[in-house]
Amino acid sequence: MEGLVETSNKVDAIVSDLFDSVEREQVNNVFEKHSIKNMNDRIKLLQKCMQVTGTSDSGEKLPAEDQYADELEIFVYGRWRSLID
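Counting in the working numbering, the sequence shown runs from 1 upward without gaps.
Keep in mind the hints are simulated off the structure, nothing from the lab. Be careful, since some hints might not be right.
[Said to hold, decoys possible] With a Cα cut of at most 25 Å, we get these calculated SDA-like pairs of lysine to any residue:
#1 K48 x V11
#2 K10 x E25
#3 K44 x V22
Kindly produce the complete structure, drawing on both the sequences and the hints.
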């Protein structure tokens, strides 16, 4: 159970750092700081911070790098911030 708590604490720390980020470079620095290299993990963490389960569904499966670029654009644009408490 300790591993689960540590993982949960790490996710919370990453999300907190992301919440304070407003520029692409800041977001990428958060992922570097926490050694998050996997694009799908980055996407999930951005979505968790924005409190959404998905932000785009074009019907077409994009490569993870393109999906991450889309999510990062939405995150940096920041409109999601006004939608959460």
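How the hints compare with the structure:
1. K48 x V11: holds (9 Å)
2. K10 x E25: holds (21 Å)
3. K44 x V22: holds (17 Å)
In this structure, every one of the numbered hints holds.
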